[in-house]
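S.K.: Could you build all of it, start to finish, from the sequences and the hints given here?
My numbering runs 22 ahead of the 1-based position in the sequence shown.
Wrong hints could be hidden among the right ones.
Unchecked claim - Under the rule of at most 27 Å between Cα atoms (straight-line distance), these lysine-lysine pairs were calculated in the DSSO-like manner:
{"no.": "1", "residue 1": "K331", "residue 2": "K361"}
{"no.": "2", "residue 1": "K331", "residue 2": "K57"}
{"no.": "3", "residue 1": "K115", "residue 2": "K331"}
What the hints assert, rightly or not - Label-pair distances were calculated between CB atoms; the ranges are:
{"no.": "4", "residue 1": "F299", "residue 2": "E102", "range": "32 to 40 Å"}
{"no.": "5", "residue 1": "M389", "residue 2": "P54", "range": "29 to 37 Å"}
{"no.": "6", "residue 1": "V149", "residue 2": "R27", "range": "42 to 50 Å"}
{"no.": "7", "residue 1": "V289", "residue 2": "R27", "range": "33 to 41 Å"}
Treat the hints as calculated values from the structure; they're not laboratory data. Please read these numbers as outputs of a predicted model, since none were measured by experiment. Note that CB positions come from ideal geometry on N, CA and C, so glycine has one too.
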Amino acid sequence: MSKKRLLFFDYLKGLFVIWMIPTHTLDGVIVPSIKATPLYQSVAFFNGLVAPAFLVSSGFLAVYTYNHGKFLRRLRRGIELMAFGYATQLPTKSLLLLVTLTLAFVLSSLGISPPPPLPDSPPEWFVRGLHVFRRVEILISIGSGVLVITAILRYVESFRVRFILFTLLAFLFWGLAPKVWEMGKALPMFIAPYFTREGSLFPVFPYWGFMFFGSALGSSYHMDRRVTLALMLVPLAALALTVFVPPPPSEASVYNSLVRTGVLMVVLFVLITAESFGFRSEFLAMLGRNSLMSYAFHNAIVYGSPFTKPLAHFYGHRGWLESLFLGAMIFAVTVLFIKVWEDLRNAHGPRFGRSVWTFFVLTFALMPW
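M.R.: Structure, rendered in structure tokens:
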């Protein structure tokens, strides 16, 4: 039997989509000197809550909606998210060019002269693109986390054991992040981004910690909602402590992770209370249901993709007002895209999304040099 959809998590993600798009636009086009101002730093702090909001929600819903019949579907979902994440960072728009230049890069890295028709060494733009491609961004972090959580749910059926295990894993991944970041620097090029912040965006330490925390909430929600409330109070206590002890700026700090989670719990409390009093918003729910698609779409506009240049290429070094205006325009375009996407998906079913994905894969594979 399908479970009732928890609208407050859709609302949570929807709110952060509204925040995410204008602030990412600011980050992409605003004059660099403005980024050092206190006002911008405050904006950056709240922008740092977007990924944890998506991760906590994904972890909770992975547990809440799971049943053994969905095991293979969940694994496929995790792999699709990772593939989509890497696809948005491809350094070329052609599979043939990617394979050719990658072979040249590998051989030249090993001190072997690439044979014709391979170039003697890959161009500098490709090497830069390869370093971007290997980054662990939010879709990759969530997708890989879904694989791990799904495997745990497959073999651990007790909600009590799940709650204990996910809670321990959350604090383990938060607490070990500083050490793992240092050790991760020595790992191979395409593995290191999962374990260190250098050359990456959302390494699994500490960011899987947010997913595991969400999964712990989801497990206790099934078991005893008083336990869910008690667990939510832990990061809230850390948030209250900031009145006396400011959190360190490092993302690798367990205190920093708890404070960010505490802010999310405040927002979640407000949304749960509002929903209990009859609050409903189809607009927020739509954004929440399509939060990852919203992320990928606006990200391609602001930061670029294999097929598009970044927004700063056309509108770089802007002031506050111009940047916010651009952010509002990109938000409007994203909402329109999401509305059309959801209508088409509802009309044609899940096969619509797979057909679009297949089209892009074939385009990439068959694109000439």
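S.K.: Next, verify each hint and record whether it holds.
M.R.: Right, here's what the structure says about each hint:
no. : hint                    : in the structure
1   : K331 / K361             : holds, 24 Å
2   : K331 / K57              : holds, 22 Å
3   : K115 / K331             : holds, 12 Å
4   : F299 / E102: 32 to 40 Å : holds, 37 Å
5   : M389 / P54: 29 to 37 Å  : holds, 34 Å
6   : V149 / R27: 42 to 50 Å  : holds, 45 Å
7   : V289 / R27: 33 to 41 Å  : violated, 19 Å
Figure legend: structure checked against the earlier numbered hints; the only hint not met is number 7.
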